[in-house]
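Model the placement of chain P on the given structure of chain W, informed by the hints.
Chains as they are written, first to last, in full-length UniProt numbering: chain W, 1 to 245; chain P, 1 to 245.
By construction, these hints were calculated from the structure, which means they are not laboratory data. No residue lacks a Cβ here, since even glycine has one placed at the ideal position from N, Cα and C.
Pairwise CB distance ranges (calculated): (1) W/Asn11 / P/Gln188: 36 to 42 Å; (2) W/Ala168 / P/Arg238: 41 to 47 Å; (3) W/Thr216 / P/Leu170: 48 to 54 Å; (4) W/Asp7 / P/Gln167: 27 to 33 Å; (5) W/Asn11 / P/Leu231: 40 to 46 Å; (6) P/Asp166 / W/Ala69: 47 to 53 Å; (7) P/Ser42 / W/Gln188: 21 to 27 Å; (8) P/Gln142 / W/Leu93: 31 to 37 Å.
There are 2 protein chains.
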Amino acid sequence: MWPETIDVLLNHRSIRKFKSTPIPQPALAKIIEAAQQASTSSSMQCFTVINVSDQDKRKKLAELSGNQAYIEECPVFLVWCADLYRYEQAAKLHYEGELTSTVENFIVATVDTALAAQNAAIAAESLGYGIVYIGGIRNNPQEVSALLGLPSHVYPVFGMCMGEPDQAPLTRPRLPQQAILHENSYDQEAVESGIQQYDGTIRQYMLERSEGKLNTSWSESMAAKINHPRLHMGDFLRSKGFLQK
Amino acid sequence: MWPETIDVLLNHRSIRKFKSTPIPQPALAKIIEAAQQASTSSSMQCFTVINVSDQDKRKKLAELSGNQAYIEECPVFLVWCADLYRYEQAAKLHYEGELTSTVENFIVATVDTALAAQNAAIAAESLGYGIVYIGGIRNNPQEVSALLGLPSHVYPVFGMCMGEPDQAPLTRPRLPQQAILHENSYDQEAVESGIQQYDGTIRQYMLERSEGKLNTSWSESMAAKINHPRLHMGDFLRSKGFLQK
Chain W
1 MWPETIDVLL
11 NHRSIRKFKS
21 TPIPQPALAK
31 IIEAAQQAST
41 SSSMQCFTVI
51 NVSDQDKRKK
61 LAELSGNQAY
71 IEECPVFLVW
81 CADLYRYEQA
91 AKLHYEGELT
101 STVENFIVAT
111 VDTALAAQNA
121 AIAAESLGYG
131 IVYIGGIRNN
141 PQEVSALLGL
151 PSHVYPVFGM
161 CMGEPDQAPL
171 TRPRLPQQAI
181 LHENSYDQEA
191 VESGIQQYDG
201 TIRQYMLERS
211 EGKLNTSWSE
221 SMAAKINHPR
231 LHMGDFLRSK
241 GFLQK
Chain P
1 MWPETIDVLL
11 NHRSIRKFKS
21 TPIPQPALAK
31 IIEAAQQAST
41 SSSMQCFTVI
51 NVSDQDKRKK
61 LAELSGNQAY
71 IEECPVFLVW
81 CADLYRYEQA
91 AKLHYEGELT
101 STVENFIVAT
111 VDTALAAQNA
121 AIAAESLGYG
131 IVYIGGIRNN
141 PQEVSALLGL
151 PSHVYPVFGM
161 CMGEPDQAPL
171 TRPRLPQQAI
181 LHENSYDQEA
191 VESGIQQYDG
201 TIRQYMLERS
211 EGKLNTSWSE
221 SMAAKINHPR
231 LHMGDFLRSK
241 GFLQK
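Just chain W, same shape as in the assembly (with noise of 0.2 Å):
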């Protein structure tokens, strides 16, 4: 017998189409004060969430994220955001000088951002609300911080799409565990095999779902990513005042 947490972890699958009953306040205020207990180095809290409840800026962030409909139809958005502003801000206070921003700190407000975004999505599923994570932010990173009125040394990491699931999709296998855990060193062996392993539970999978339609494997639809890289991302950052040295 696992503790309740170990069963809301396990069940985690991105969820996609929402009723629209809201979320009650008191509900998301502990859900983001979930978000704040979670690790952060050295206490800099380098993330802020904007819960984006105006219906204009919805559908505009909709459109710049590949037109997905549940961002604009989910009954809370949060735009997570990197935020070295705050950091720098209260520094300044004490501290003559600019921040030099690198790539040590942007990986800091990476994380930080990340880690209480995870305790938010697990704090709203112990709540029998879904998430979704929307990476398409990062589609037009400009365009999203204008829209936000983000300052400098901030950037959208991620979207985050919250309320009551309308839909109840399966979890999808992941890797086999050695393919993503070693002992003492790295085992490139163990992933060749364990890749090979997960082709035949992925394309399984697929297979079930689509009804016999769908007949890819991990490393297929892995492939047919590689052309996408968001290569605007670099200099975008780096007009953020991010990744100087």
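For chain P alone, kept in the frame of chain W given last:
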């Protein structure tokens, strides 16, 4: 009444002193299974966990991460790596040519790793274990990578100590919600007043925790951090094949 999972999330505090009791293998496997079920960008699952059980490697990692003894002493020490190597091996089965290593897929891999690690942290805490993230693993990432045999397109994002807590620290107060949650657009004034309010909270917390010896606000400790930016990370990551574009 909130679900048990919310309590687990809100009770997080970093643990730096552990009992020697081992974590049973089935519990560790379940923790990793929970990690794997986290959201992942397009099912890429760009992370790898190295479980460092070898005592010599532990000792070395503790030195390389800034002489943190608990890295050597904790029952389980995991190194969480962002991994584009596995994805590339899979894609290569069907795709001629090189992976373009971009800022975008660096973000994908770093975020995938953080989401999975946070699931592991929460799973562990729900089982009564404590954890602490070790950003110090990035003090000497080249040496850490060599020690763990990490191939190119893999980098150590952070370590994680795990085990039965042998201390009961207070949870540390977080920024007021007004400073991290905004509606529809970024609110710089709320950030400023939030910093001011939080400075008072943290000064009080530090005074209480140190029995009157530490009189430091949050912004003061942020200013003190600004000189330690691990400037090597950019060059290191490029040498490992990341951030080429």
